[in-house]
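Visitor: Heads up: the sequence lines are chains H and E, in that order.
Using the numbering used here, read the first sequence as starting at 1 and increasing by one per residue.
Using the numbering used here, read the second sequence as starting at 383 and increasing by one per residue.
Be a bit skeptical, because a hint or two may be false.
[Said to hold, decoys possible] Sample of chain H residues at the chain E side, in silico, Cβ under 7 Å:
#: 1; residue: G276
#: 2; residue: E279
#: 3; residue: A280
#: 4; residue: A283
#: 5; residue: L284
#: 6; residue: G285
#: 7; residue: Q290
#: 8; residue: I295
#: 9; residue: P298
#: 10; residue: Q299
The hints are simulated quantities; they were obtained by calculation from the structure and are not laboratory data.
By construction, the Cβ of each residue, glycine as well, lies at the ideal position given by its N, Cα and C atoms.
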Amino acid sequence: MNSQATATTIGTKAPTRERPEANLPGPIAWAKANLFNGVISSVVTIVLGAGILYALWGFVGWAFIRAIWSVPTTPSGALDPTTCRINHGIGACWAAIHDKWRFMLFGRYPYEDQWRAGLCVVLFVGLFYVSSNRRFWNKSLIYIWAGTLLVIGVLMWGGVLGLAYVPQDEWGGLPITLILSTFGLAFAFPLSVLVALGRRSTKLPAVKILCVTYVELIRGVPLIALLFMANVMLPLFLPEGVNFDKLVRAQVAIILFAAAYLAEVVRGGLAALPKGQAEAADALGLTYWQKTLKITLPQALRLVIPPLVNTFIGFFKDTSLVLTIGILDLLTASKTAMADPIWQGVSTEIYIVVAIIYGVCCYTMSSYSRSVERNLDRTRNR
Amino acid sequence: MAEEAPAITLDKVNKWYGTMHVLRDVTMNVAQKERVVVCGPSGSGKSTMIRCINRLETHQEGKIIVDGTELTDDLRALDTIRREVGMVFQSFNLFPHLTILENCTLAPISVRKMPKAEAEELAMDFLRKVKIPEQAKKFPGQLSGGQQQRVAIARALCMKPKIMLFDEPTSALDPEMIKEVLDTMVGLAETGMTMVCVTHEMGFARMVADRVVFMDRGEIVEQGPPTSMFENPQTDRLKLFLSQILRGH
Numbered sequence: 001m002n003s004q005a006t007a008t009t010i011g012t013k014a015p016t017r018e019r020p021e022a023n024l025p026g027p028i029a030w031a032k033a034n035l036f037n038g039v040i041s042s043v044v045t046i047v048l049g050a051g052i053l054y055a056l057w058g059f060v061g062w063a064f065i066r067a068i069w070s071v072p073t074t075p076s077g078a079l080d081p082t083t084c085r086i087n088h089g090i091g092a093c094w095a096a097i098h099d100k101w102r103f104m105l106f107g108r109y110p111y112e113d114q115w116r117a118g119l120c121v122v123l124f125v126g127l128f129y130v131s132s133n134r135r136f137w138n139k140s141l142i143y144i145w146a147g148t149l150l151v152i153g154v155l156m157w158g159g160v161l162g163l164a165y166v167p168q169d170e171w172g173g174l175p176i177t178l179i180l181s182t183f184g185l186a187f188a189f190p191l192s193v194l195v196a197l198g199r200r201s202t203k204l205p206a207v208k209i210l211c212v213t214y215v216e217l218i219r220g221v222p223l224i225a226l227l228f229m230a231n232v233m234l235p236l237f238l239p240e241g242v243n244f245d246k247l248v249r250a251q252v253a254i255i256l257f258a259a260a261y262l263a264e265v266v267r268g269g270l271a272a273l274p275k276g277q278a279e280a281a282d283a284l285g286l287t288y289w290q291k292t293l294k295i296t297l298p299q300a301l302r303l304v305i306p307p308l309v310n311t312f313i314g315f316f317k318d319t320s321l322v323l324t325i326g327i328l329d330l331l332t333a334s335k336t337a338m339a340d341p342i343w344q345g346v347s348t349e350i351y352i353v354v355a356i357i358y359g360v361c362c363y364t365m366s367s368y369s370r371s372v373e374r375n376l377d378r379t380r381n382r
Numbered sequence: 383m384a385e386e387a388p389a390i391t392l393d394k395v396n397k398w399y400g401t402m403h404v405l406r407d408v409t410m411n412v413a414q415k416e417r418v419v420v421c422g423p424s425g426s427g428k429s430t431m432i433r434c435i436n437r438l439e440t441h442q443e444g445k446i447i448v449d450g451t452e453l454t455d456d457l458r459a460l461d462t463i464r465r466e467v468g469m470v471f472q473s474f475n476l477f478p479h480l481t482i483l484e485n486c487t488l489a490p491i492s493v494r495k496m497p498k499a500e501a502e503e504l505a506m507d508f509l510r511k512v513k514i515p516e517q518a519k520k521f522p523g524q525l526s527g528g529q530q531q532r533v534a535i536a537r538a539l540c541m542k543p544k545i546m547l548f549d550e551p552t553s554a555l556d557p558e559m560i561k562e563v564l565d566t567m568v569g570l571a572e573t574g575m576t577m578v579c580v581t582h583e584m585g586f587a588r589m590v591a592d593r594v595v596f597m598d599r600g601e602i603v604e605q606g607p608p609t610s611m612f613e614n615p616q617t618d619r620l621k622l623f624l625s626q627i628l629r630g631h
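If we strip away everything but chain H, and leave its shape as in the complex, we get (with noise of 0.2 Å):
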């Protein structure tokens, strides 16, 4: 009899009873918890505070309360900088950036079509938009991505459609920034994975020692040097009449050196899974494909998501480095456009505008990537 009492009560609901009120602080009983914890932490609080204010209100002074925003013109239809000059040091000066963002977001490209290279742009941050989302994750993104890249490469180029032609060398700013970094990742990404998937392989030794000498090999070279070796040893090697131009070398480097890196990248998410895993997609006759395609790769890819990101966003700085070989991306393309004598000590201002491009670009990425893990996580649940 008892013991059947007992075997009831196993699973049945203990008796519930509400969660007590939690003591929710204040932000005076939070900040007193938090800041002012004893005497130590009190001094810390208040010599580190007043650092930061008087930091603050050093830039707020220098960047909108003392600032030009705009300079008069001379009757010669110049602008007159002297404002500028005399305030140096003391205000910014948005007048030359206010001056200069065409040149600086577009670099050489021809002033009269330049709203082709706007176009692009924007057409770079729709794709973006569009490929985020998770209704597009089929294989009409693949017709979005080809169909869009065809648009932007007519619009670039021009030639077509009454459209005047343009040649590459006159590309500059953020399209070469965005084109550089799209294409570099979407390349490097698949091979990526296959290198990784190579460096892995137990049954081809060839294969497998072709991927490992290939990381190694660019691991071991700064990219610098890589994009030098595109520029200037890869023509000689090709026989002559071919050549491709220097945005494609630049490119290739690029794919060939992020490729490395996001292999190994991968190649820990795949090490890291559970060798159950594998193991029970082989005794179930899945072939290698099948295995790695849905079981394998799928979820070292989920893993290894922060990581991933951390490499993008990398990269995505990284192509800044192509003005080492003439190429003007935004960074340059900046301070190019600030080298007008007109604008002369104006620098910090340029500054600050391409590192809020940059850091809008990284931090969409990084925020992306954690909705994303969010995500996999409500469905994963473990």
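Take the given structure of chain H and dock chain E to it, following the hints.
Guide: Only chain E this time, still in chain H's reference frame:
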């Protein structure tokens, strides 16, 4: 009367891990519809042996013939065998990124090229048999260990295997969940499935096994029907083993 060909034949199978000799001249036949329980202390090679049968491990010497096909490096032979042999693991090894239903339909659809609707119907059939059809849309992480192991059994059965291998299916389970998995396995045994099961569940062995095989240090020490093995062990090693595992019960 012509003797039916055995479902599994192991003939003087030897295997080494590096220099460690883990299977020593293992010779064993499993007849069609026979149910064999393999037991032995940890490190005795019982898991290695069962994993050799579907070539998750490779043997270095001897012959393994499964359902008339010899296991060699020939990939086509391997594909044939893996299609006919289902396996259930100690740690379930469900695919955590797929739902219960997708776990069950993946192999029939990809390997057997079964239409999706048919595969889902089949999967629901087996999920009903292991008594968890209501969990079909959930993910493995949302299920208890016992439920996960039952799904793993259903997943293997969806390939309609002729032979089922169990590698310590209840060792990773909480005590109160062992029974539900064993019940499922007893039910499966009643359907006439050929089964090789590595387990320490002596109650299960008594109930369903036609034969118990005791392994120690990589070799088969003793084998026979469960009652005679447990009540009248011949070798000291089996006596010692039985006294050790029974102490806890």
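Visitor: Grab the minimum C-beta distance from H:G276 to chain E and call the hint holds if it beats 7 Å, violated otherwise.
Guide: 4 Å, holds
Visitor: Close enough to count: is the Cβ of H:A283 nearer than 7 Å to one in chain E?
Guide: 4 Å, holds
Visitor: Given a cut of 7 Å on the nearest C-beta pair, is the interface hint for H:A280 held or broken against chain E?
Guide: With a closest approach of 4 Å, the H:A280 hint holds.
Visitor: Hey, does the H:E279 contact hint survive, CB to chain E under 7 Å?
Guide: H:E279 check passes; min Cβ-Cβ to chain E is 5 Å, inside 7 Å.
Visitor: Checking hints one by one. Is H:L284 an interface residue toward chain E, by the C-beta closer than 7 Å rule?
Guide: Cβ of H:L284 sits 4 Å from chain E, so the hint holds.
Visitor: With 7 Å as the cut and Cβ atoms as the points, is H:Q290 at the interface with chain E?
Guide: For H:Q290, the interface hint holds, since the closest Cβ of chain E sits about 5 Å away, which is under 7 Å.
Visitor: Regarding the hint that H:G285 lies at the interface with chain E, is the smallest CB-CB distance below 7 Å?
Guide: 4 Å, holds
Visitor: Any CB of chain E closer than 7 Å to the CB of H:Q299?
Guide: Result: holds, 6 Å to nearest chain E Cβ.
Visitor: How about H:P298: closest beta carbon in chain E under 7 Å, or not?
Guide: 6 Å, holds
Visitor: Go through the hint on H:I295 and say holds or violated, using the shortest Cβ distance to chain E against 7 Å.
Guide: With a closest approach of 6 Å, the H:I295 hint holds.
Checked against the numbered hints above, the structure violates none of them.
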